[in-house]
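Keeping the supplied structure of chain A fixed, place chain B upon it in accordance with the hints.
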Amino acid sequence: MWCNVVLGVALCLPEETMRTALVQSHDGRTIAPDLTQTLARAATGEEGAWRELVALYGRRVFALARSRVGGDEAAEEIAQSVFATIAIKLREGGYSEQGRFEPWLFRIAMNRIRDAVRHAKRRSGTVALDGSPEPSFESNDGPTGHAERVALRGAIERLSDADREIIELRHHAGMGFKEMAELLDEPVGTLLARHHRALRKLREMLGPVIEDQEESEGES
Amino acid sequence: MTMPHDDSTFGELPADLREMHEMLDALGDGMRSGADAGFEARLVAASLAARPGVDRPGLVHGAQPGSGRVLRLHRRWLAPASLAAAMLVVASVLAARMSSNRHVPADSGMRFTLVTHTELDEIAEAWEVLDDQEIWSAVSSLRGEASTLRNSMQGDWVSETWNSEDPM
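Those sequence lines, one after another, are chains A and B.
The first sequence begins at 2 in this note's numbering and counts up by one.
The second sequence begins at 94 in this note's numbering and counts up by one.
For reference, chain A alone in the conformation it holds in the complex (with noise of 0.2 Å):
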């Protein structure tokens, strides 16, 4: 039983009931008990708890990487250094809840994006790994053809940095704009309106190549 007293009247709850209520971080924050649990359970290197992580951020860490480097193998291997990254934190105390870990987890996958691309652009002498093939995502090809797709990376690529982040951080790694706005240390009535201005210079940019697929579809 879990015992707390509200004004002046002394309030108590199952604990089970407790468990499953959100909590508040000292800055008043709200965080999902889940994730508090799963992190202290990730943190005595509970198989199960990195499981749960990995569903919740893998895929999307994969996805940030991929965007920016070149093949999927360096962009799991960029997701592989993360989550050991994370892993020796948890272990060490070096991090403590306080609903900040997804803005934190992808810090972090943000610095070795960009020790990739650096290291790469050092061993080519190119520029990044940019022109890196298509990835093939045959099984999830959804309503955008595969021109259509060429197009648009090609369009995010010539992006100012900054448009590029916000697009890739919103639709690759899927965060929300408040998580962003911590990760970015940005207010998000900007990040809300650099959205807005990306996709605005994304449509003027892929304007031609959606005329022409509308009018392919029209004819067919």
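Hint data in this document are derived by calculation from the structure and do not stem from the laboratory.
No experiment lies behind these values; they were computed from the predicted model shown.
From the three backbone atoms N, C-alpha and C, an ideal C-beta is built for every residue, glycine too.
The reader is advised that the hints may include incorrect statements.
Stated by the list, open to error - Residues of chain B placed beyond 12 Å of chain A at every Cβ, according to the derived structure:
| # | residue |
| --- | --- |
| 1 | L120 |
| 2 | S126 |
| 3 | A128 |
| 4 | A174 |
| 5 | A177 |
| 6 | M180 |
| 7 | L181 |
| 8 | A184 |
| 9 | S185 |
| 10 | V186 |
| 11 | L187 |
| 12 | A189 |
| 13 | R190 |
| 14 | D214 |
| 15 | E238 |
| 16 | R243 |
To be verified - Per the computed footprint, the stretches of chain B lying under chain A, defined by three or more beta-carbons under 8 Å from a beta-carbon of chain A, are:
| # | region |
| --- | --- |
| 17 | 106-115 |
| 18 | 131-143 |
Stated by the list, open to error - So the derived label-pair ranges between C-beta atoms look like this:
| # | chain 1 | residue 1 | chain 2 | residue 2 | range |
| --- | --- | --- | --- | --- | --- |
| 19 | B | T241 | A | R124 | 53 to 59 Å |
| 20 | B | L187 | A | R123 | 42 to 48 Å |
| 21 | B | S230 | A | R123 | 48 to 54 Å |
Same frame as chain A, but now just chain B:
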């Protein structure tokens, strides 16, 4: 289309930008599903195997038939693997010498056993690093056999018998 983020601004966008938003979501879905089936298992393995001081671990590979990926050893296994490989080379050289010296006269045989004894000491030193009792007892046994062979070769009957054998 499933996006991990739950604060979608999709509804507030004009129609042309909604289309762009959908295209980007589809591209993101494709990116996330681009990793192969064993991806999660390898990530879990890398997390569990992570050790302080190794902030850039090598790529962990699960058995993914046909994935075409190159196997890279985790750094912490490189030192023991190198030692084992070196020992294997020494053992191979030793075995080759033993087979080539089997039918030589006794004086060469004496030299061979002395060399063998020295090399066995070297191997024993290397194996001591691994601190494996089983290996150590095997080394002791080999050393004993080599010692017996050397002692027996110092006797007259051995050289006579050996010298009279028909070389194959």
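Outcome of the hint check:
Not every CB of chain A is more than 12 Å from the CB of L120(B) (nearest about 6 Å), against its label as outside the interface. Its closest Cβ contact with chain A, about 5 Å, brings S126(B) to no more than 12 Å, contrary to its assignment away from the interface. Consistency note on A128(B): stated as away from chain A, yet its beta-carbon is not over 12 Å from all of that chain's, at 5 Å minimum. Non-interface status of A174(B) relative to chain A is upheld: no Cβ of that chain comes within 12 Å, the nearest being about 20 Å off.
Residue placement check: A177(B) keeps its beta carbon more than 12 Å from all beta carbons of chain A (closest about 25 Å). Taking the minimum C-beta to C-beta distance to chain A, about 30 Å, the non-interface status of M180(B) holds against the 12 Å cut. No beta-carbon of chain A is positioned within 12 Å of the beta-carbon of L181(B); the least distance is around 30 Å. Non-interface status of A184(B) relative to chain A is upheld: no Cβ of that chain comes within 12 Å, the nearest being about 35 Å off.
Residue-level check passed: S185(B) sits 34 Å from the nearest beta carbon of chain A, beyond 12 Å. Annotated as non-interface, V186(B) keeps its C-beta farther than 12 Å from every C-beta of chain A; the closest such distance is 37 Å. Against chain A, the non-interface label of L187(B) holds: every CB pair exceeds 12 Å, the least being about 40 Å. Separation of A189(B) from chain A is adequate, the least Cβ-Cβ distance of about 40 Å exceeding the 12 Å criterion.
Here R190(B) stays apart from chain A, with its beta-carbon at least about 43 Å from theirs, past the 12 Å limit. Listed as a non-interface residue, D214(B) keeps its Cβ farther than 12 Å from every Cβ of chain A; the least gap is roughly 40 Å. With a minimum CB-CB distance of about 45 Å to chain A, E238(B) clears the 12 Å threshold, and the non-interface call stands. Against the 12 Å criterion, R243(B) stays outside the reach of chain A, whose nearest CB is about 52 Å from its own CB.
With a threshold of 8 Å between beta carbons, the proposed coverage of the region 106-115 of chain B by chain A holds, since 7 of its residues qualify and at least three are required. Given a C-beta distance limit of less than 8 Å, the hint that chain A covers the region 131-143 of chain B holds, as 10 residues qualify and 3 suffice. The supplied range of 53 to 59 Å is met by T241(B) and R124(A), whose beta-carbon atoms lie about 58 Å from each other. Separated by about 45 Å at the C-beta atoms, L187(B) and R123(A) satisfy the suggested range of 42 to 48 Å.
Between S230(B) and R123(A), the C-beta spacing of about 51 Å keeps the proposed range 48 to 54 Å intact.
When each numbered hint is compared with the structure, violations occur for hints 1, 2, 3.
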